[in-house]
Each structure stands twice: as C-alpha cells, then as structure tokens.
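Q: Single-letter residue listing:
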Amino acid sequence: MKKNWWKVIAVLFIFYTIIAGFLIKVPAQPILHETIRNLYFHVPMWFAMMTILFVSVWYSVKYLNKSTIENDILATQAAQTGMLAGLLGIITGSIWAKFTWGAWWVSDTKLNGAAITLLIYLAYFVLRGSIDEEQKRARIAAVYNIFAFVMLIVFLMILPRMNDSLHPGNGGNPGFNKYDLDSNMRMVFYPAVIGWILLMVWIFTLKVRLEKIKRKLLYND
Amino acid sequence: MLFTQIKYLIAKEIKLEMRNKYALGGILLYVVSTIFVSYLSFKSIVTPSVWNALFWIILLFASINAIAKSFISETKGRLLYLYTLTSPQAVILSKIIYNCILLTFLSGLCLLVYSVFIGNLIQDYVLFCITLLLGSFGFSSLLTMVSAIASKSNNNFTLMAILSFPIMIPLLMVLIKLSKNAIDGLEHWDMNFLMVLVFINVIIIALSFVLFRYLWRE
Chain A
6 MKKNWWKVIA VLFIFYTIIA GFLIKVPAQP ILHETIRNLY FHVPMWFAMM
56 TILFVSVWYS VKYLNKSTIE NDILATQAAQ TGMLAGLLGI ITGSIWAKFT
106 WGAWWVSDTK LNGAAITLLI YLAYFVLRGS IDEEQKRARI AAVYNIFAFV
156 MLIVFLMILP RMNDSLHPGN GGNPGFNKYD LDSNMRMVFY PAVIGWILLM
206 VWIFTLKVRL EKIKRKLLYN D
Chain B
600 MLFTQIKYLI AKEIKLEMRN KYALGGILLY VVSTIFVSYL SFKSIVTPSV
650 WNALFWIILL FASINAIAKS FISETKGRLL YLYTLTSPQA VILSKIIYNC
700 ILLTFLSGLC LLVYSVFIGN LIQDYVLFCI TLLLGSFGFS SLLTMVSAIA
750 SKSNNNFTLM AILSFPIMIP LLMVLIKLSK NAIDGLEHWD MNFLMVLVFI
800 NVIIIALSFV LFRYLWRE
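Chains as they are written, first to last, in the numbering used here: chain A, 6 to 226; chain B, 600 to 817.
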C-alpha cells in the first residue's frame with residue numbers, strides 16, 4: 006500500500022473526473038454547449054502524452070550514459086504509452102472538432118503538431134524494427150529519440166508563431182478561463198489532469214513489467 | 600587539432616567525390632530532370648505560393664538523395680580506419696561542412712534551372728539567397744545526422760525518408776515562409792524568422808556534435 010498510494014489517487018481522480026465531469030454544472034456557451042465537458046478528457050491527454058514522452062527521452066539519455074537493456078525497455082514502453090495518449094487525444098479532439106468546428110480534421114497548427122508527433126514516433130518504431138542486434142538497436146533508437154524530441158520541442162515552440170489556431174486561448178479566441186467564472190470547471194480539470202497522467206504512468210509501469218517477463222521467458226526457453 | 604582533422608577529412612571527401620564523378624553527375628541530373636518533368640506537367644507557374652512550394656519540394660527530395668549516400672555508402676572498413684585516426688566530432692562536422700558546400704551548389708543550380716524552365720517570380724533576391732543558404736545549411740546538418748542513423752539499419756534508403764520528413768518539417772515551414780516573403784518582395788525583412796532559422800541550425804549542429812559519438816562506435 007505504501008508503494009501504491011498513487012494508483013489509488015489515479016483511480017479516485019478518474020472516477021471523480023468521469024462522474025463530476027458529466028454531472029457538475031458547466032457554463033452555457035453557444036456552439037460549445039455540453040461538449041465543453043470534453044475539456045476534462047481531451048486536454049489532459051496532451052499533458053499525459055508530453056509527460057510520458059519526456060520520461061521516454063529521459064531513459065534514452067540514461068541509456069547512452071549507461072547501456073543497460075532495462076533503460077531501453079523503459080524508453081520504448083514509455084514511447085508506446087505516449088503514443089496511446091496521443092491517439093486518445095486525437096480521437097477525443099476529432100469528435101470535439103466535428104461538433105464544434107464541423108469537421109473531423111481541420112487545418113490547424115495544433116492538429117499539425119499532433120500529427121507530426123505521431124509520425125516521429127512511428128518512425129522511431131520502424132527504426133527499431135529494422136535493426137536486429139539488441140544493443141545496437143537500443144543505442145541507435147536512443148539517439149534518434151533524443152534528436153527527434155528536441156526537434157519536436159522546437160517545432161511546438163515556433164509553430165504557434167507561424168499561424169493562428171482555432172483552439173481556445175489562441176489567435177484571439179478566448180480561453181476557457183474566461184468562461185469559467187465560478188471556477189467550477191477548474192475543480193474538475195486539475196484533478197483530471199493529475200488523474201490521467203497518473204493512469205498513463207501506471208499503464209507504462211505495467212507495460213514495462215510485462216515486457217520484462219516476456220524477456221525472462223524468452224531467455225529461459 | 601580538431602580543425603586540422605576536419606580540414607583533411609573535407610579534402611578527403613572532395614577527392615573521393617572527384618574520383619567517381621558519376622555520383623555527383625547523377626544528383627545534378629536528378630535535379631534537372633525533376634524540374635523538367637514538373638515543367639512538362641505545370642507548363643508555367645504564376646501563383647507565388649505554388650511556385651514556392653514546388654521549388655522547396657524539388658530541393659527537399661534532391662537533398663535527401665544527395666546526402667543519403669554520405670554515410671550509407673561508407674564501408675565498414677573505412678569507418679573503422681577513420682575511428683582509429685580521428686575524433687567522431689571531426690567526422691560529423693567535416694561531413695556536415697562538405698554536404699553544406701554540395702547543397703549550396705545544388706540549390707544554386709536548382710534555382711537557375713527552375714527559373715529558366717518554370718519562370719522566376721522572386722522580387723527580393725538578397726533575402727531569397729540568404730534563405731537558400733541557411734536552408735542548405737540546415738538541410739545538410741539534419742540530413743547528415745539522419746543518414747548516420749539510417750546507415751546503421753537494414754533498409755536504409757526507405758528509413759532515410761521516413762526518419763527525416765517529420766523532423767524536417769519545422770525547418771521547411773520556416774524556409775517556405777521566408778522565401779514566400781522574398782518572392783512577394785516585402786519591404787521589411789522578418790528578422791524573427793531569420794533568427795529562428797539560425798537557432799534551428801545551431802541546435803541541430805549541437806545535437807549532432809553531442810550525439811554522433813554514440814552512433815559511431817560499433
């Protein structure tokens with residue numbers, strides 16, 4: 006229990022997010038209407054994705070310092086979990102976009118950023134798949150992971166200066182903090198962010214354990 | 600120490616290139632024939648944004664083809680030989696500088712042939728040339744590093760493209776924006792974007808400098 010308290014928090018926060026997110030009063034806005042509740046599911050996914058991807062790069066750096074296969078497993082599984090969060094973010098965002106902007110996919114800087122993130126990490130997995138030798142694969146993949154992540158950060162930094170975005174809080178659109186006068190939404194949003202991040206970390210640790218067991222079985226045979 | 604090593608390594612690259620000219624000739628012909636094919640399909644282009652986009656796409660593919668061979672064509676024996684003689688930083692920097700010279704030449708030729716066949720809409724030549732120069736520099740540093748990564752894998756030419764496209768997009772978008780300004784002949788140069796371009800170049804070089812030694816040891 007001492008080690009797993011954060012898992013309890015994750016479960017509690019996510020139940021709270023789902024129940025309170027659908028029931029608590031939200032500001033009534035034209036166009037948005039009740040879809041504003043997607044804020045508790047769509048936005049935290051991106052927080053979770055960036056956190057997990059940062060974990061992945063962290064272990065890639067660690068691998069280059071100290072080449073143990075454990076660091077490589079951690080980096081890979083983190084990248085995969087990050088992709089899961091990114092995919093969920095795109096799906097929830099796509100549904101939201103359909104009901105508010107009228108299309109599943111629109112030309113928008115943030116959507117392009119999300120698409121490029123997915124492309125980079127898909128390329129990362131293809132790169133891993135194309136190298137057979139274990140240590141070499143881990144090393145080359147770690148180098149690409151670091152290189153690509155830095156370029157991604159640069160991209161996410163300069164992109165908003167190039168074009169305006171349809172997203173709230175960008176390009177003259179009011180952010181959600183303008184609507185949320187009585188801080189009702191904040192009460193759900195912050196726990197939602199923490200809850201989803203913790204859930205993704207939990208998924209990540211489970212994936213790592215599974216991968217280690219798989220390796221053990223492979224070497225025992 | 601590093602500088603003399605780089606000097607000799609660049610001299611080696613140029614000598615090798617001169618010895619088998621078909622590789623250089625191949626890439627020059629690649630640019631010319633791509634432009635000719637686009638000329639036959641587009642006839643002439645009068646829309647600045649289309650002109651701009653097509654130019655950079657042609658240059659992008661030509662650069663990938665030109666630089667892909669820089670590590671992929673290196674034999675294991677020669678790399679091992681270099682390993683005993685020089686530092687990894689000297690190897691990557693010399694390759695980047697050499698590829699930069701190659702790409703500057705290539706982009707100049709591309710611009711020339713492109714303007715002859717498809718037409719020339721540029722109004723601000725100085726800005727366009729600066730963009731082209733910074734672009735060649737950025738392309739060469741990024742693609743050299745990606746080529747080093749791709750050369751370690753099994754199907755390296757496909758990987759070269761899929762590894763480089765997503766991370767090249769920030770560079771490409773800034774370049775397209777700047778060269779569009781040059782085509783439109785805007786009175787004020789957008790110093791912000793020029794700074795961003797220089798900044799991206801510096802970051803790529805720094806990353807290559809730090810990361811290449813991990814790629815290189817077998």
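FYI, nobody ran anything at the bench for these hints, they're computed from the structure. Certain hints may be false.
Ranges between beta-carbon positions, derived for each pair [to be verified]:
no., chain 1, residue 1, chain 2, residue 2, range
1, A, Ile158, B, Val636, 53 to 63 Å
2, A, Leu222, B, Ser672, 18 to 28 Å
3, B, Leu639, A, Thr73, 18 to 28 Å
4, B, Ser714, A, Trp110, 49 to 59 Å
5, A, Ile100, B, Ala610, 36 to 46 Å
6, B, Thr603, A, Lys217, 47 to 57 Å
In silico negatives: residues of chain B with every beta carbon more than 10 Å from chain A [said to hold, decoys possible]:
no., residue
7, Thr674
8, Ser686
9, Ile761
10, Phe764
11, Pro769
Fair warning: this is a prediction, and the values are worked out from it, not measured in the lab. Just so you know, even glycine gets a beta-carbon here, dropped at the ideal spot from N, CA and C.
Q: Return holds or violated for the Cβ distance of A/Leu222 and B/Ser672 against the range 18 to 28 Å.
A: violated (41 Å)
Q: Using the Cβ atoms, figure out if B/Thr603 sits within 47 to 57 Å of A/Lys217.
A: holds (48 Å)
Q: Confirm or reject: B/Ser686 is not an interface residue toward chain A, with every Cβ-Cβ distance exceeding 10 Å.
A: Non-interface label on B/Ser686 holds, nearest chain A Cβ at 17 Å vs cutoff 10 Å.
Q: Going by Cβ atoms, does B/Phe764 stay more than 10 Å from chain A at every point?
A: It is violated; B/Phe764 is separated from chain A by about 7 Å at its closest Cβ, not greater than 10 Å.
Q: Beyond 10 Å from every chain A Cβ: check whether that's true for B/Pro769.
A: violated (4 Å)
Q: When you take the CB atoms of B/Ser714 and A/Trp110, is the distance between them in 49 to 59 Å?
A: violated (36 Å)
Q: Does the claim that B/Thr674 lies outside the interface with chain A hold up, using a Cβ gap greater than 10 Å?
A: holds (17 Å)
Q: Okay, A/Ile158 versus B/Val636 on CB: inside 53 to 63 Å?
A: violated (37 Å)
Q: For A/Ile100 and B/Ala610, compare the CB-CB distance with the range 36 to 46 Å and indicate the outcome.
A: violated (59 Å)
Q: Just double-check B/Ile761 for me: nearest Cβ-Cβ distance to chain A has to come out over 10 Å.
A: violated (5 Å)
Q: Is 18 to 28 Å respected by the C-beta to C-beta distance linking B/Leu639 and A/Thr73?
A: violated (57 Å)
Violated hints for the displayed structure, listed by number in ascending order: 1, 2, 3, 4, 5, 9, 10 and 11.
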